[in-house]
Structure formats: C-alpha cells, structure tokens
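Undergrad: In the order they appear, the protein sequences are chains U and B.
276 is the number that my numbering gives to position 276 of the first sequence; each next residue is one higher, with no gaps.
5 is the number that my numbering gives to position 5 of the second sequence; each next residue is one higher, with no gaps.
Since the hints were made in silico from the structure, they are not lab data.
Careful, some of the hints might be misleading.
As a list, the in silico EDC-like pairs of lysine to aspartate or glutamate whose alpha-carbon atoms are at most 16 Å apart [claimed, not checked]:
1) LYS267/B x ASP136/U
2) LYS285/U x ASP36/B
3) LYS40/U x GLU27/U
4) LYS141/U x ASP107/U
5) LYS326/B x GLU333/U
6) LYS74/U x GLU27/U
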Amino acid sequence: MKAEFTAEELDFQSEVKTFLNDEFPAEYREKVDANVRLNKDELVNWQKILFKKGWAAPSWPKEYGGTGWSQVQKYIFATEMGLIGAPEPIPFGMKMVAPIIMAYGNDEQKARFLPDILESNVWWCQGYSEPNSGSDLASLKTSAVRDGDHYIVNGAKTWNTYGQYADWIFCLVRTETTAKKQEGISFLLIDMHSPGISLKPIVLIDGHPEVNEIFFDDVRVPAENLIGEENKGWTYAKVLLTHERTGISGVPRGKKRLSSLKRIARETDDGFGSSMMENDAFKNKIAALEIDLEAIEYAELRTLASVSAGKAPGPESSILKIVGTELAQRIDEAFVELAAYHCLPFVPDQFEDGFQGDYISPGTSASAALTYFNNRKATIYGGSNEIQRNIICKAVLGL
Amino acid sequence: MDFSYSEVQQMLQDSVKKFVSKNYDFDTRSKIIESDSGYSEENWKLFAELGWLTVPFSEEDGGLGGSAVDLMVMMEEFGKANLVEPYLPSVVLCGCLISELATGEVKEQMLGKLVGGDLQLALAASETGSRFNSSKVATTAKSNGNSIVINGRKIAVLNGSNANELLVVARESGGEVDADGISVFLVNPDTPGVTVRSFTNIDGQKSSEIDFTDVTVAASARLGEQGKALMAIEKVIDKAIIAVSAEAVGVLETLLQKTVEYSKTRKQFGTVIGTFQALQHRMADMFIECQLARSIVVMAAMKLDGSAGQTEKTKAVSAAKSRVGKAIRKVSQEAVQIHGGIGVTNELDVGHYFKRATALEIMFGNTDYHIERFASL
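Pulled out of the complex, with its shape left as it was, chain B reads as follows (with noise of 0.2 Å):
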C-alpha cells in the first residue's frame, strides 16, 4: 500500500504551487475575474507551456497519461487558489469528451490545439429540464440532407463566452431520456441561430445561456457515432466530478487553514476566539471532514484508473461526490460563521471560497443526487 505521490505528480503539484503563490493572489484573481474574458490569456499560455493542459489525455492523445489521479493532484492545487481559468470546461469537458468521440484529424486537430493553449471550448449539454441527468435531452438535431439542424435551450454553459468552437449535446431521435439517440457537435458559435446570453457565475466562472434556433451544421459536425454519445458523455463527467471533488478538497483545507488562523488572531473578551472549546471542537470538525473529504476522492480516483468494472466506477465517483458535498456544506459554513460578519462580505478571500465550495457541490450532482445514484446501482 503506498499513498504517495509519484515523482511526475508531486512535479505537477509543485508547479501549481509556486505559480500560484507567484501570480494568483486575491487581489489579482479580482481583476481576472472583472475583465472581459474573466480569464487571464497570459495565464492560460503559461499553462499550456507547463504542460497543464496534456493532463486529463492519455498518451497516445499527446497528453501526460489521463491518469485521474494526476488531474485530482492538479484540480486540489486550483481549488486552494480559487483559480478561474477554464480549465473544467474547455479542457476537462470538452477535450476529453473529444479525445473519447472524435477521431483521425479532427480528434489530432483539436486536441493540439487545445494543448497548446490556442483553443477555447464549451459544452453545451445542460437544459432547464434536466437538472443532472445527461440523458434528459430536448434539444433536437434533425438530419436535412447533408446538413443536420439544431434546435434548443441550453444552460449552465461554462466559458460560452470565450468558447471558438462548442460541444452541443443534441437528441436525434428517441424519447426524452431515453439513452440512445444522443449525439455531440461542433457547433461554430457564430453561426447563424445561435444565441449565447454571458454572465458571471456566484464562483467568478463565466458561463452562459445559449440558444439553437435552426442552426444548421454539416453532417460531419457529428462527433462520433450517431445517436450513441451518451456513454462517452457520463464516462466524461464522471471524469470531471473527480475534478471538481478533488478541487473542493483544495478549497476546503484553505478555508480550514484560514479560519483557523482567524481564530489564533480575533481577539475578543480579551483572548484570541481560538481558545474557546466551542469553536476548536467545530475546528476539529472541519479538518476531519476535510480528511474524509480528501479519502474518498482519492479512492474514487484511483478506482477510476484501475481496472474495475464501470458500475464500480460510477458508484465510487457518486460516493465522492455526495461525501465531499457533505463536507463543502460543514466546512464552508462553519468558515464563515466562525470568521463572523467579515466572513460574509466581499473584500475577504473567505466568502468568495464559500461561493466557489457552494458551486461545486451543486455541479454534476449534489449531494442528494449522488446519494440516490449510488443507492441505485
């Protein structure tokens, strides 16, 4: 049994850090998240030149190995940063829902340029009626000819604003949540019908509504197989909710490590508030929810790269999930009221942590859903 880091992860973990504690102060992730892109460009070359980028693709993609356990050794870095480059949608989503869909040229094209740092993605799979099944698809694509002809509503769209090219998730034929009948596809979103409608998220994320009114693409648009998208869809986002567990296991020891360095200095009735059993208890609390949190997504990471079979995968992914909800919920709360009143205002770090846990436990599946998931299989 060995729980170490390997000699690349723990390289991958230290150059997260030193670029973190180099260029992403608070101060700084402010001003990122007011400009117009609310990322930073320069950020994202630098990641793409430290070989950020290859991380969640294996190999022969060009990438480090896809290994899930090194994207969570990466994801737990940004979360105690509390960074918002894209990362999740443009290269987690979407670069690796290609890297499982498309192929020969298309497939090198995209991922080297997704590599490279020159190409923004988004995937525009969630409606209003779906909440976290993937399967719930309303959206349509109806084959005319050649061209195939998208119509819909999608929300929840992470980095729309920025994207070149999005993934649409699109039913062509079958039942509403029906599995077969799913299709991805690059959707150029300058074409004519498509509406993207941008905004800042409660975490500082860009994101957007986007709307398909008749928007006609190539048949080659199509990623993959028609109608047969759906099983590389889950494989993806359970991919990613090892990526946002692990990243919440990074905002909740910082806001930990601060809050309990708030209470070494608040001083009331005329001690530091640190030495009041009441609040160390709840302390304590927290760091053993921080260290079930982190046990769990290790094990469902490592779980997802061995060689289990994919209910016992997808049952350990929604194992993490719902755990590490249940400690987003404890420890961000409790943050926030023992820092008291300037916990809940805006020019300290701690609230805007608390917003980012309180986004990650919504995506992909709370709590309650994953519970229900993993009860169900």
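Only chain U is shown next, with the shape it has when bound in the complex (with noise of 0.2 Å):
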C-alpha cells in the first residue's frame, strides 16, 4: 500500500499549481470567493483559457484533444481546481454528450460537435427529466416521431440547468411505445434555436432562475442528429451514468469550504468575547467535518486505483456520490449555523454579478442560507441519493 503520488506526479501537480496561480484571473477569484456566480461570458472564457494550453477536456482520450492523464493526473488536476476554486468544465457538454457521441455517433456528428465542445463555442444543456419522470426516468414521455428526413419532438423536459444559455440539447425522446419502457427511447441531439421550442425558468428557492423547464412543440429535428441506432438511447445513457465519476465526491471543494469556515469562525464572536473557534460544540462540529472528509478522500484514492488498475467503476460512484453532497449539505448547515443572524436577510442580489449597493451582513454571512437551500438539491439530482442507495442495495448488497 502506497497513498504517496510518484515523483512525476509531483512534478505534475506543481505545474497545475504554477498555471493556475498565473492563469486563473484574479478577479474570478474573488467573486468565487465573495460566493458570487460567475457570468456565462467568465466560464466560457475560462474554458477557452484551459483550451489554449491542452487542458480543456482532462478525461476525453487524446484523439480527440484531449489530455491523454491517467487516472492520478486527472485527481491532481481536480484538486488543484477545486482548492482555488476554479470552476470545473461545464459538464453537460464535456462530460455528459460529449463521451457518448465519441462512443455512439457517426464520424460525421464526431467531427460536427466535438470540436465545437473542446473550445467552449457551442453551449450544452442535458433534456432528461420530465414533470412525470424523475427517479423514474426511463417513464419518459418526450416523443419523437418519424417523418420522412426528420423527427417531430413534442413534449416537456425540465430541470434544465443554465437552458437560458445553452446552443444545444441532448434529449431522451421516446421512438417508440414498447412493452418495456426502457426499449423505446432514443438520443437525440437538438438545436435550441428550433422554431417550436419555448422555455420557462423556474426560480429555486434561493431566489435564482437556475433551471428551466423546456417545451418541445412540433419540433422538427433533422434525423441525422439521432446518436447510434433509434431505440437503443436508454442503453447510452446508462453507460453515460457510470462515467466520469472521479471528482463527484467534491473533496477539494469541501476542503476549501472548511478552510474559510474556520476562517469566518475564527473572526466570528461567539457573543461572550470569545470566537466560535473557541466555542467547543462548533469546534467540534468542524473537527467531524474533517474526519469525513477524509474519510471521503481515501474512499475515493480507492475507487481511483482501482480504475487505473482497470477495474470499471461500479456502484463506488454511488458511494460517493451520497457521502459527497451529505458531506456537503453538512458544511452548509454549518455555514448557517456559523452565520447566525446574519443570514436571514434575503438579498440574492448581492451574490449576482455587478452588484452595487450598500452589502447588508458581514463577508459573505448573508450567503450562507442562499447556499444552504440551493444545494438541496445535491441529494435529489443526477440519481437521487434514494436510487444510488438502491443501486448499492441491488449491486453491491445483492439484495
């Protein structure tokens, strides 16, 4: 047993440092550090910074203009990201169409879209869930009809995040009305510009319109946009589900958000002349956080030798997936916890982009809530905690 990383790799992670120290502009820093969002224009930008130097898709193969990293290479570049809060790609496009139209499209989709996705031209969102199929996905409804050169689309697909923004969508549409609900469906890439497609934000709880609900009426898609072979789209997606599973964890992201929690601690009054850093139930509250995290971290060391080994990543994912956003939801329950009155007010505006005005509470305290409801919804995306369980139970458990 060996956790050190090799003197390559060492020599690897320096230069990740060293680029992003330089290349990570300054003022995006600061607004991840205010927990302001960045603007589409700043991740796009981002993007095309990592692009100029090579670094732009770490898990796509090199063919494709990608890094070619082994499994330690793209865990240190994730680290290091996370730390200084860089934002990771934009994963609609690099990590979830992009890995399938390299699997499943034609030569002629490889070369219309990845390219496109490599340099950040062209922005992906993900048409997945409907109003009547969450959890149960494969209950899907969207249909796609066949008429001659084309599909006609209608339907509904919601929790579209950033669907204001994007080019394109990749789609689970049903081709046909099967006996089994899984067997039915296709994969189907959209212009976002088609006649016929309309949009509805829908406003979370913290106040901002980060997910739409997307309406499909009469859409003509140009067949050629279908991935593989029609009906066979369920069977794609599911293998998308296991991939790109390092980094789900968010270690170094909660690495960082320790840091500035017992940061903020530190400098917060307990309210009897100490700081909370003092304070032995908040002390220990963090040291909790810590262990976790740790813990967390090793799981994950694991899972990711076992990739390099060559082993396929099963139902760890899963794993990692339910401890890393509980682990999360944890931290931001103490952000709140840390904040006290300070963040009741409701004032989104402060942590958009551009802001001027008078900032009400310290730091960024009057976040902590904002975040706090957000990322409820970390238990409830992409597999809800619910369903990773069940996969542990049927795959691992054999139950």
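Could you fit the two chains together into a complex? Lean on the hints.
TA: Shown next, in the form of structure tokens:
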C-alpha cells in the first residue's frame, strides 16, 4: 500500500498549481471567494484559457483533443482546481454528451460537434427529466415521431440547468411505445434555436432561476441528429451514468469550504467575547466534518486506484455521490449556524454579477442560507440519493 | 392530568383556523410579501378586532391573561399558515417588553394603541457581535444633562421598516457583556441620526439593519430603571422562544402533512412513492419528531405559566428551543427531499415552509446554543 504521489506526479502537481495561480483570473477568484456566481462569458472564457493550454478536456482521449492523462493526473488536476475555486468544465457538453458522441456517434457527428465542445464555442444542456419522470427516468414521454428526414418532437423536459444559455440540448425521447419502457428511448441532439422550442425559467428557493422547463411543440429535428441506433438511447445514457465518476465527491471543494469555515469561525464573536472557533460544540463539529472528509478522500483514492488498475468504476460512484453530497450539505448547515442572524436577510442580488449598493451582513455571511437552500438539490439530482442507495442494495449487497 | 385546551384556547385556535382558511392561501401570502410593508394592514386590523393582539398580556394590562399556553396555541396556527404579519416583533417582543418595563401613562397608552392595532413596534437588540447573548451590548447610551445620546448598530430588527417606534437596547454603563448597565429606550425612527436599511428575510418577513449615530432622545424615553433592563429582556425573549417554537411545530406538522399527501399522489415506477418503505419509515420518523417537538413545547409553556423557579423556567425554554431545532432540521429537510426537485422551487409552498423553519431554528439561539445554555444552568 502506498498513498504518495510519484516524483513525476508531484512535478505535474506543481505545474498545475503554477498554471492555475498564473492563469485563473484574479477577478474570477475574488468573485468565487465572495460567493458570487461567474457569468456565462466568464465561464466560457475560463474554458478557453484551459483550451489554450491543452487542458480543456482532462477526461477525453488524446485523439479528440483530450489530455490523455492518467487517473491520478486527472485527480490532481481536479483537486488543484477545486482548492483554488476554479470552476470545473461545464459538464453538459464536456462530460455528458461528448463521451456519448465519441462512443456511439458517427464520424460526421464527431467532426461536427466535438471540436466546438472542446473549444467551448457551443453551450449544451441536458434534456432528461420530465415533470412526471424524475427518479423513474425511463418512464419519459417526450415523443419523437419520424417524418421523412426529420423527427417531430413534442413534450416537455424539466430541471434543465442553464438552459437559458444553451445552444444545443441532448435529449432522451420516446421513439416507440413498447411493453418495456426502457426499450423505446432514443438519444437525440436538438438545436435550441429550432422553431417550437420555448423555455420557462424555474426560480429555486434561493431566488436564482438556475433551471428551466423546456417545451417542444412540433419541433422538427433532422434525423441525422440521432445518436447511434433508434430505441437504444437508454443503453447509451446508462453507460454515461457510470462514466466520469471521479471528482464527484467534491473533496477539494469541501476542503476549501472547511478552511473558509474555520477562518470565519475565528473572526466570529460567540457573543461572550471569544471566537466561535473557541466554542467547543462548533469546534467539534468542524473536526467531525474534517474527519468525514478525510474518509471520503481515501474512499475516492481507493476507487481511483482500482480504476487505474483497469477495473470499471461500479457502485463506488454511488457511494461517493451519496457521501459527497451529504457532507457538502452538512458543511452548508455549519455555515448557517456560524452566520446565525447574518444569514436571515434574503438578498440574492448581493451575490449576483455586478451588484452595486450597500451590503447587508458582513462578508459572505448573507449567502450562507442561500447556499444551504440551493444545495438541497444535490441529494436530489443526478440520480437521487435514494436511487443511489437502491443501486448499492442491488449491485453490492445482492438484495 | 389534562392536556386539553381550555374553552378560551379552543376558541382562539378556531378563530385563527377560520381566518387562515378564508384569508391566507399561498398566493395571498406571496402578494402580501411583495407589498411595500410586507404585511397586510387589513389583516392587522382584523387581528385587533378578533382580540389576538391582547393574547400575551395580563388582564391588568388589558390583555387576555398573558399565558404562554395561550400564545402557543395561537402561534402554532400562525405557523401552519406561514403567516408573515409582524405579530412576534410588534406584539410579543415589544408589547411584552413595554408591559415589563414601562409604567403609568406611557404603558397604558402604548399597550392601548398596540392591542387596538394602531401601533407597529420593533425591537432593536441584536448586534453584529452579540450572537444570541442578550447581555452583549456594544451600543452606548450616554447621559447628557436631560437627554441621552445613542450610538451603535443593530441588526435583525424585525419589522424595523414598519415601526412607528423602536425599542432600542443600549448600554449606559459597565463592560460589553455585563448584566448591569443595560437600558431600553423608545426612539422614533424619524429622529436625526437613525438610518434604517430594510430588506426581506429568507422567510418573507421584513427586517432592518439600523445605525444610530449621535441619536439624541429625552431621558424620559428610557423604559424602566436605569441600567436594569436585562432581566426583563431575557424574560421576554424566553416568552418569544415559546412563541417561535410553537410556530415551528405548526410549520413542521404542515410540512409532514404536505409530504404525506404528496407521497400518496406522486407516481414513479408505476406506483405512488408513498408505497416505498424507504420513504414510509422516514415519514414515520418525521411524525415522531413532530410529536416530540409538540410535547416539549407544551412542557415549556406550562412550566413558564406555572410556579417553578426562574432557573427551571429558563432550562425548560432552552430544552424546548434546542429540541425543536433538532426536529426542524430533520422534518424540514426530509420534506424537501421526499418532494424531490419541486421541493426546492419557489413555486411550491413547501420550500417556503422550509425557509421559515430555517429562520425559526436560528432565532433567539440555535440548537447548539440552547443545549449549552441548558447544560450551564
């Protein structure tokens, strides 16, 4: 057993550190530290900086312009990005649709879509969930009916993160009503500028319209936008779900947040003349979070090692999703407890781009409740934690 | 042993229930929050007519009797409606503080106007560094002949933007955490040197940060004896804790009920999700938490009304707030989780109950704070 990096890996780590220190724009870092969302232009610009360095797609194979990194290199890169607060690639293009195009798309589709994803010229969004198909995704009803060279798409998708920015959407659509619901689903790429598509923002309880409902009303989609075979979409989507599971535990981000939690605790009066870092209950709470984070980090490293050794990532990804999201939510709670009265004001504008005016509450304290509210989604999305537990029961415990 | 409501309490509960079912659906509440004042003046007048504004006061002060159990009965119903009218800041906090500290004509006139629905009040007590400790007061009040000069910043002043008068907690002498030296002053918000910055809280209630810069008031603006207000403040906060804990019980029971209802209608995998045992047991746990929360609030309210000593009363209050806080976490988070994506949206009422529950957990001391206070007594 050995948990240290090799000399080459350590060199790589310092190269990444240097690059991020030099190239991640200082104004972005300030925004991230102030809990202000980066806007679309900033996210795209950061992707383009990574692209220039050749680091836009750590998980892609070299032939498509990826880095060809080892699992450990990918891990180091994701860790350093998280520690500095640099946003990860917008996942919808890079991590979600691109691997499917690579695996099941034809050469024409690869040439047409992959370079723009790599260069971040095109923003993608995901069209999976529907109002009546959440955890039971395979029950989806949005239909695609073949009409000559086109499909006619009708239905509604929901929870489309940043659909308002998107140029393209990848969708699971029903092309056949069969006895087995998984069997009539196809994987279709749709231009968001097509006539018949409309978008309704959904405001979340933190006040941010982060997600959308997207309606398809007789949308004509060229049949050439079908990925792979008709009615095989579910198989493709399932493969995607076990893809790209490293980094999902959010350990680097957790570490960064715990260090700011400690810093703020040292600066926060406990009301009796000491700091909250000297408050036993709070100090112990932070310690417990740190300990859990360490356990998760080593669980992730062990997964990484087995993937590096050629084993397919299996239910480990479900474990990491569950523990990573639940720990992140406990960190959210600790920020709320620390902020106390300072997080009661509902002033989301303070954490939006270009806010000018008097700030209510000191530092980032007013964002604590907003983050707590927003991040309740983490145990719901990406296959809810209930679904992940089902996977563990079935795949590991044989229940 | 008898835990049933008195006739008066039953009438009080019925009257709030009737009002809520007639006048306070989710859309109406949302519109009220969007209005400038953030509460409905029409509703406030009605509260006065129905006698609700008299509940926390003794009969000699023109009130219903001032029992904590009465207050509990009413606040629980407010919680079920997620009511945003400023009952807690105006009536419970300020009204009770006036009743404790003020005397003679000032008391009679202010309480008279308050219960008549003609006065809005706000308590400016919390500060940036005070957290939950009422004796940590950095705002100063210096005597200057026949007048008092106040300097300092107050945060979390509920109803600050609507208040006709502010009750300002300030220190006249002693160190920053001394029990002695704290007084309460009546300050008109239009007085030069008062700067009010107002906003809406996470739960839709109006609140303010208020700066006092060389604010000069007459010495007669002091309520009660010079530097001796802390005991009254703590007594009032204990009562307010019963109020918010009871409100939380209403919020949580509503979340439970809405979650169970949803689980009976939301279909996934060909059946309603309420048939999944993984969810059933969690809803059973939510129910248990609601029962424990209700029980401990009943205990604390009865103790506050009874003849127990002050330490025992304070302990009971901390027990209630900390235990209810624990229930808030569990029940409100599970309610959102079981609802799934729709639970984190602005369009469903569940998210708004969740946010109110979160605010109630913080107010007047969170779970850890009250466990510590309980242990220290």
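Undergrad: Is the straight-line distance between the alpha-carbon of LYS74/U and that of GLU27/U 16 Å or less?
TA: violated, 26 Å
Undergrad: Compare the distance between the alpha carbons of LYS326/B and GLU333/U with 16 Å, and conclude whether the hinted pair is satisfied.
TA: holds, 12 Å
Undergrad: Between LYS141/U and ASP107/U, does the CA-CA distance stay at or below 16 Å?
TA: With a Cα-Cα distance of about 29 Å, the restraint between LYS141/U and ASP107/U is violated, given a limit of 16 Å.
Undergrad: Please verify whether LYS285/U and ASP36/B have alpha carbons no more than 16 Å apart.
TA: Since the Cα atoms of LYS285/U and ASP36/B sit roughly 40 Å apart, the hinted pair is violated (cutoff 16 Å).
Undergrad: Given the proposed pairing of LYS267/B with ASP136/U, does the C-alpha separation stay at or below 16 Å?
TA: holds, 9 Å
Undergrad: So if I understand the rule, the pair passes when the alpha-carbon distance is 16 Å or less; does LYS40/U with GLU27/U pass?
TA: holds, 15 Å
Taken one by one, the earlier hints fail for this structure at numbers 2, 4, 6, listed in ascending order.
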